[in-house]
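J.: I would like the entire structure built from these sequences, with the hints used as guidance.
Going down the list, the protein sequences come from chains E and W. Start counting the first sequence at 0; every next residue gets the next number (numbering that gives the first Met the number 0). Start counting the second sequence at 0; every next residue gets the next number (numbering that gives the first Met the number 0).
Calculated from the structure, these hints are not laboratory results. Backbone N, C-alpha and C define an ideal beta-carbon position, used for all residues, glycine too. Take the hints with a grain of salt, since some may be wrong.
In silico DSSO-like pairs for lysine-lysine, Cα to Cα no more than 30 Å straight-line [claimed, not checked]:
#: 1; chain 1: W; residue 1: K295; chain 2: E; residue 2: K252
#: 2; chain 1: E; residue 1: K252; chain 2: W; residue 2: K67
#: 3; chain 1: W; residue 1: K27; chain 2: W; residue 2: K67
So these bits of chain E aren't anywhere near chain W, every CB distance computed over 12 Å [stated by the list, open to error]:
#: 4; residue: G58
#: 5; residue: S61
#: 6; residue: L105
#: 7; residue: G137
#: 8; residue: A201
#: 9; residue: L238
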Amino acid sequence: MSTAALQDQQQPASLLRRVLLQGRYEALAMLRNGEQLILAVVLPLLALVGLTVTPILDGMGSSRINVAVPGILALCAMSTAFTGQGIATGFDRRYGVLRFLSTTPLGRGGLIAGKILAVLAVLCIQVVVVGLVALALGWQPAAAGWLPGLGLLALGAAAFTALGLLVAGTVRPEATLAITNLLWILLGAMGGIVLPAERLPAAAQAVVHFLPSGALGESMRAAFLGGAVNGGAALILLLWTVIAGAAAIRWFKWN
Amino acid sequence: MVRSPQSPVLSIHGLIKDVGPLSSLDGKMLRVVSGVSLVAERGQVTALLGANGAGKTTTLECAQGLQKRTGGSISLLGQDPDTGGASLRSRVGVMLQDGGLPPSARPLPLLRHIAGLYANPWPLDDLVGRLGIDTFSRTGVRRLSGGQKQRLALAAALIGRPEVLFLDEPSAGLDPQSRQLVFDLIAELRDNGMGIILTTHLMDDAQRLADYVYIIDGGRNVAEGTVQELLQRSPVTDHGTDHVRTLVFEAPSGLDLAAVLPDDVDVSEARSGSYTVTGALTPRHLSALAQWWEAKGIMPASMSLEARSLEDVFLDISGKDIR
Numbered sequence: 000m001s002t003a004a005l006q007d008q009q010q011p012a013s014l015l016r017r018v019l020l021q022g023r024y025e026a027l028a029m030l031r032n033g034e035q036l037i038l039a040v041v042l043p044l045l046a047l048v049g050l051t052v053t054p055i056l057d058g059m060g061s062s063r064i065n066v067a068v069p070g071i072l073a074l075c076a077m078s079t080a081f082t083g084q085g086i087a088t089g090f091d092r093r094y095g096v097l098r099f100l101s102t103t104p105l106g107r108g109g110l111i112a113g114k115i116l117a118v119l120a121v122l123c124i125q126v127v128v129v130g131l132v133a134l135a136l137g138w139q140p141a142a143a144g145w146l147p148g149l150g151l152l153a154l155g156a157a158a159f160t161a162l163g164l165l166v167a168g169t170v171r172p173e174a175t176l177a178i179t180n181l182l183w184i185l186l187g188a189m190g191g192i193v194l195p196a197e198r199l200p201a202a203a204q205a206v207v208h209f210l211p212s213g214a215l216g217e218s219m220r221a222a223f224l225g226g227a228v229n230g231g232a233a234l235i236l237l238l239w240t241v242i243a244g245a246a247a248i249r250w251f252k253w254n
Numbered sequence: 000m001v002r003s004p005q006s007p008v009l010s011i012h013g014l015i016k017d018v019g020p021l022s023s024l025d026g027k028m029l030r031v032v033s034g035v036s037l038v039a040e041r042g043q044v045t046a047l048l049g050a051n052g053a054g055k056t057t058t059l060e061c062a063q064g065l066q067k068r069t070g071g072s073i074s075l076l077g078q079d080p081d082t083g084g085a086s087l088r089s090r091v092g093v094m095l096q097d098g099g100l101p102p103s104a105r106p107l108p109l110l111r112h113i114a115g116l117y118a119n120p121w122p123l124d125d126l127v128g129r130l131g132i133d134t135f136s137r138t139g140v141r142r143l144s145g146g147q148k149q150r151l152a153l154a155a156a157l158i159g160r161p162e163v164l165f166l167d168e169p170s171a172g173l174d175p176q177s178r179q180l181v182f183d184l185i186a187e188l189r190d191n192g193m194g195i196i197l198t199t200h201l202m203d204d205a206q207r208l209a210d211y212v213y214i215i216d217g218g219r220n221v222a223e224g225t226v227q228e229l230l231q232r233s234p235v236t237d238h239g240t241d242h243v244r245t246l247v248f249e250a251p252s253g254l255d256l257a258a259v260l261p262d263d264v265d266v267s268e269a270r271s272g273s274y275t276v277t278g279a280l281t282p283r284h285l286s287a288l289a290q291w292w293e294a295k296g297i298m299p300a301s302m303s304l305e306a307r308s309l310e311d312v313f314l315d316i317s318g319k320d321i322r
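T.: Here it is in structure tokens:
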């Protein structure tokens, strides 16, 4: 490098390019990670098959698969945005990756934007894979449900991303690993995400409506089963996003 | 943009940093930096020298915008690092003490990604070749040796062709070959006008690399100067303004050197037959010693004369107690 080269003042790449690059980098990192792939794709597909071959959802809608798929899509959002993203961020924090990247032109804001973008990109892939498998299994979504369904799925991903970052930014990565995996199992089984609240014990039903998992599961079923928007559930998701986002901004520790 | 050659790349005045509240201090704040001031120039290596926990890394992290300062002022390339934004960050390279590299990444894709964040990065092939990263460019970061990781972290800090480079303990984990490579590159970048600020607790690093040294202890500046200036400081037990030197020689044990040498120098026989004479040695001292050896028929088995090392200066200033 010549002296002359040093004297042209360096400029950052454009904000859009920085965020897109970081989103692509993080999305590829997630897709290359075997455990993340199992969580993001394999387990939701197994759950989908399980719900279509057992009578557990019988009587809730036009067919087992029509009731099952919206919940499975909601589960995908929780896998990627909460558990996958939370664990990755927790370990990035441990290894100083967040601190290093925040000294580059990317900065803290760009880093968070890149993570959100990566979550949305992986979620798109999940929707395509799960959707194609479901269509092959006979899924007949309400045509009017796609627009509100995908919009609410993105809102759910935002709520779970904020929650994942809140956990990852406040406790050790080993604890993040334990908490996000345990909650994935608990909320997945009992949180109203794949099993509608009506199929849960009476004591759980009152709580489930107010959980992000229950709210996302219900709004997805309302959209894809009936083409409707469940305003109450959407409001609860929005509240979770705002509160968890504010808490993450307040308490996230970068080092 | 017209730039004065005199404008420092970094100036810090009266930096104060409190951390906490800490439960170990009954919920009180701990002051880890209490009034550090320093100036770093373009085309110079400025070293912050101090023991572990002296406040070096905290000072750097405040300058890098990674930690918010409690008090004092910081000007990095004329801007406040807390508000400088992406345009300031693009002109500053940072190598953190723990590297900050994701263990699952591979060196070349990682560097290519970071390069993309800059409008005009250092050509990747050139940088990778310069730091010998091409030999492990596809090996996962978690399988790299300490020296390989350090070289990769340095490449990540340099890829944006920064005007200011921060290096936190740059020689940690480096084998002698890597160390030479890294030190040569640092010297070349310095000669090309980069302002380099490094922390180290290794006196030898500072002695080899630094144009100007700040000794930090207990969160404060305790001494500063060029390496030469620091070496010429009189020790606390002042013998005058002459340069302090140390003479070490091996000879038969039990010699009564104190009878021969004036009492303005310290004499010790650290182990049997190994003598150390420290003080403002002059030709008169050496002559007295040589005449005495001649008279007694003594020929030392080995002998060396050294100026004080930066380590001696450091220990004089910051005390020898383990903290």
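J.: A separate judgement is required for each hint: does it hold in the structure or not?
T.: Going through the hints against the structure:
A threshold of 30 Å between alpha carbons decides the hint, and for K295(W) with K252(E) the separation of about 71 Å lies outside it, so the pair is violated. For the hint linking K252(E) to K67(W), the alpha-carbon distance of about 13 Å falls within 30 Å, and the restraint holds. For the given pair, K27(W) sits about 18 Å from K67(W) by alpha-carbon distance, which is consistent with the 30 Å threshold. Every beta carbon of chain W lies more than 12 Å from that of G58(E), the smallest distance being close to 46 Å; the non-interface claim holds.
For S61(E), the requirement that its beta carbon stay farther than 12 Å from each beta carbon of chain W is met, with the minimum near 44 Å. At roughly 5 Å from the closest C-beta of chain W, the C-beta of L105(E) falls inside 12 Å, breaking its exclusion from the interface. Listed as outside the interface, G137(E) is consistent with that label: its C-beta sits roughly 39 Å from the nearest C-beta of chain W, beyond the 12 Å cut-off. With a least CB separation of 43 Å from chain W, A201(E) remains clear of the 12 Å interface cut-off, as annotated.
Under the 12 Å C-beta cut-off, the non-interface status given to L238(E) relative to chain W holds; the minimum distance is some 30 Å.
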